[in-house]
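Each chain, letter by letter, is given below.
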Amino acid sequence: MEQPLKLKVNGQFYEVFEKPWRTLADVLRDNLGLTGLKESCDTGNCGACTVLLDGKPVKSCMVLAPQAKGKEIITIEGLADQDRLHPLQEAFIEHFAFQCGYCTSGMILAAKALLDENPDSSEDEIREGLSGNLCRCTGYVKIVEAVMAAKEKMKQMKVAKNNSS
Amino acid sequence: MGPFEYFEPSTIEEAVLLLNKYGNEAKVLAGGTALVNMMKKGVIKPGYIVNIGCIPDLDYIRIDGDKDAIIKALTTIRRIEQSQQLQPKYGMICEAVGQLASVSVRNVATIGGGLCNAAPGQVIAPTLIALSAKVKLVSVAGERIVRLENFFIGSGATVLKTSELLIDIQIPTPPAHSGGAYVKYSRGGEDYPIVGVAALITLDSGNKACTGAKVVLDAVAPTPMIAHKSEEILEGEELDDKLIEKAAQVASDESSPIDDVRCSAEYKRKMVRVIARDAIKRAAERAKSAV
Amino acid sequence: MGKYSVVGKSVPSVGSPAMVTGKIRYMTDLKQANMLYGKILKSPYAHAKIISIDTSKAEILPGVRAVVTGKDAPTERFGIYISDQLIIEPEIIRFIGQPVAAVAADTLDIAQEALKLIHVQYEEMPAVFDLEEAWSTNPPAVIHPDLPQYKLAPLNAPVLEPDRPNVTNHYRVYEGDVEEGFRQADLIIENKFSTARIQHCCLEPNICIASVDPDDVLTIQGTRQGLYGTKDLIGRAFGLPPSKVRIITSHYIGGSFGSKFMPGVDEIAGLLAYNTRRPVRIAYTREEEFTNGGTRIPAITYIKDGVKKDGTLVAREMKVIVNSGAYAWRGAVLARNSSFGAVGTYRVPNFKYDAYGVYTNEEPVIAFRGFGSEQPTWAIESQMDMIAEKLGLDPLEVRKKNFLKEGDVNNTGEIVHSIGARQCLEKVAECMKEDGYGKTQKEVNGPWKKGAGLAIGNKFSVAPAAAVGSVKVNADGTIEVRHSADNFGQGTNNVMGQIAAEEFGISLDRVKIIWGDTSITPYSQGTLSQGGTYHTGNGVRLACQDAKRKLFEVAAKKLNVPPEELTTSEGKVYVKARPSESIEIGELFTMISFYAKPGATIGTFVENVGEIIGSAVWIQKYVPPDTETGRIPLDVAKQGIRLASFFGYEACGVEVLVNLETGEVKVTKVVLAEDMGQPINPKLCEGQMEGGFVQALGSTLREEVIIDKGKVLNPNWRDYKVPTTLDVPCGENFKSFITPVPHKDGPFGAKGMGEVVMTPVAPAIANAVYNAVGVRMKHIPMTSERVLKALEEAGKA
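Residue numbers (this note's numbering), protein chains in the order written: chain B, 1 to 165; chain E, 1001 to 1291; chain D, 2001 to 2797.
Among these hints, one or two may not hold up.
Said to hold, decoys possible - Derived PhoX-like pairs: lysine-lysine, alpha-carbon spacing no greater than 20 Å straight-line:
hint, chain 1, residue 1, chain 2, residue 2
1, E, K1041, D, K2116
2, E, K1041, D, K2711
3, E, K1040, B, K19
4, E, K1281, B, K19
5, E, K1045, D, K2116
In short, the hints are calculated from the structure, not lab data.
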């Protein structure tokens, strides 16, 4: 029953042999050891398993692994640039935007997709964009603060990059 | 989940041959948000999965003058939500689908999958029914067009034969001086609707009397429900608040919701009145400002 | 505040980069070699006898390594207040979902298949679900007929009621004469309030891996809350001495809020581990979290107040009936704990409080953040507003008039110390006024009505309590702290680290924390009852001071001064009066010659001493109250003995919009002010306040575990709706203030704060709803449907 499956994750290619009914979440976690994404609700309602597929946030527990063939998959482990944290990761630390941390991977990736698509997202748009990611610890206040701060930082970095090129 | 045999046909022909071969044992995988959920829960246990996601040219929107708009089955809900092509003529579709679940679901869920899943409160169908949409179904025997209001036969049930594939949705140009709206009432966020109402209002050229009204209720019957009596109240009349209230009350009376863990049928029926009123009013206002 | 260098500062969380890069390992990520997967077969009936169980087909399914039933489990009952539990019951089923059998198999799928092959014959018995029926003298079912023979806890033993066979505890607090008080009152007001079950909905479910090593030590690595409490309970469940039980929680855990005190996965995995001699992992599904993971304790509260026309409370009578579910586990103790919520804030000269824990044939309840305080506070703080309205007084002033003050004696006989109720409420009221809560109706249109309301809550922390801290000074000047408080995301390690860093005058990154392993870390009560910072923080602080004494004794010899003249910071020991006379901590260590090279820190020791290790215990002394009155005598109180280690306080003010057509309630502004004593890390405190508010918001407006004849109808996050980003007011519309009143016994004056955050929210929202639309909600959650019904009944819809 196992079938070969080639996946591109965080810029690298992996080949796994797996049953086609395994979800993308299971393959990323169990086969590739990328345990940053978490499973929590069993019904696709919490967003803790969020990864980016071609830049878009998806719930990896509701996607069969073969459906991710040929797509760029980004997990939380692939967000930092070697030792340099992404502005969202830095902002989450500076703004105390996590407590138990279980939802954090999914939350950061959902926020990244949101800001990549709309770098000028308003606070309301940020709340709307994160409404599929549940957190039981923080009450979301510092999460939204962190994303707003990261938004500004990302805009500044873009301007700096444009100026230097 | 599983076990199942897994196929990735690269053409529609291959796909329908597989569906014909395996019949009831096979399920079509499009986005998978509903299918994977049901398989994980053990609600369904298909022996064969036909992933149509690899078939090219099933993922686009085409607007061509006054011809019917075409939305192909694998177009994601998110793409439809953000489509500039659909504005402004079909703006109510973008408004409706944007209220489905959350962004991460809409990135994966497809319009074909959503319609074939046929869950009450799925948000998409009522708007399309209000716009008199049709679906094209293809099988080894050929193809047929079905009006969307006739496509649903029960909760989770459609006229789709086991060997058929839904490949596109065709939406006629709304008449001139039309405005549409979809209003969803829920507990917020990803919650499926407690009540949803799609309304399409067409006014005469003087923007006075209503020449056409479509009121379609969501989540208050096993299938999307056309509130015929409510429509009759509106058609041929000048729309004012009092008339709209009356039509909304009639829609409420027509609806047949059930009790569920979120709220009672009685409460849902009351909300039909409120939401139908809001939807009809918004549609009428948009009709007035439409070209 | 402001006088410390690390304590009181918002230092970023320990381990932060790992948190945001996916490198943290939770229980869900851990595996062991040779591990099996366990699944539990659960009863479909609420009250039944097991007639037979046939496991033969399951046992022979390939890949199944063990099948256990009640006959394989120890027969000695265990529990906290009442020993009414067994790991698996052999005979009687008492709730839908009760474990009947369990399987360990090579894969989860095989284990799941094996469950289907186990055939159980049941004989159904009459059940009781209605709380007041269950409480009555003649209930339709007696759930534990052997209750009078069960062992009870030696301290604060539950008081049973012979003529009410389902009562697990009748706790009383009586002072004065309430009838006389009512005679003196100008106004008598009485109401009934109620609260529903809510589920904690931690992101990480209950998970454990149990294993038995060749020395027969049962090790449970899991998500259980209360490290040493768990060790004790597991030991009693299996009949094992403490030396044969090891509990490990030294990984990260995705939330608890009290849920992870629930017995279940650990005990059953342990049983399977004994039967297979292999590690067995059991993880609850999200559905099992709802059906077996426990819920907040639903309660009915009757409250009758007698008040003078100037607003002075003269008498208060309360009866609280709490639904324990089928086992007493935490329901019995809640009857006692709820009394603290009722006595902690107000001065009431004539007071009668009766609380009953009651068995029903529903899923057992478990601790939930705010444990016991929410239920009486919901009633009291709603009624205080009703009193103010009836007397034509300001709700703020009516409360302030009746607040206890420092030095007062409360209804349990304790002398009040560190009570920030006034400061919290005044801060909230001030902010509500400045920000125009409930005003500016002009932007409100159509069916929406605006209103504002406030409330004050308290939460006690349990006594007696004890916590040991263990601290080692390393040759490189870093400090190692060992503690056994729990880590569920509250920042426990930050708190302990900051305390140690403050004591040693170093930065937080120079402190290493080891926690959560009964073989390695010393005893503490754990993080429960809002007491992590206070008890374990005290233990750690005292241990630091002990370590410093030993450090100074060693350094004194080198610096030739008496140890009392020394102090330490930044890795050096120096003379207080002459800081230039100093020595690096490393220089106090001798290096064994073959390791000696610059910068080496292994192979070092302190001559004559070995290592510099400080160890100390913090004990919160306690004397049990009189069982008839729930009070301690004044002479005992004057010795500093209290029934509660401390009380924390929080005030909440909200602005709401209420829709007259749909009954929806939206919170548009919120302000919180909390007294937690000295905040150790203000940003972490704010995080608790914000998170607690949103969790309470869910339980006030929407969350309810719906149980019908014992069956949970909404055991998933599709139907049970947890708050999202869309439910929370934005930016400047959400304010949190810290208004601390230091506690003389807390570490650096700190108390605790993680639970009180739940308590004032529901009544504040109810008061705001009343202010907006004139309907008084008495049950939470106040769903849109319930609010609409109330509006219709009042003719306001």
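Quick rundown of the hints versus the structure:
{"no.": "1", "hint": "K1041/E x K2116/D", "verdict": "holds, 15 Å"}
{"no.": "2", "hint": "K1041/E x K2711/D", "verdict": "holds, 18 Å"}
{"no.": "3", "hint": "K1040/E x K19/B", "verdict": "holds, 14 Å"}
{"no.": "4", "hint": "K1281/E x K19/B", "verdict": "violated, 52 Å"}
{"no.": "5", "hint": "K1045/E x K2116/D", "verdict": "holds, 16 Å"}
Hint violations for this structure: number 4 only, all remaining hints satisfied.
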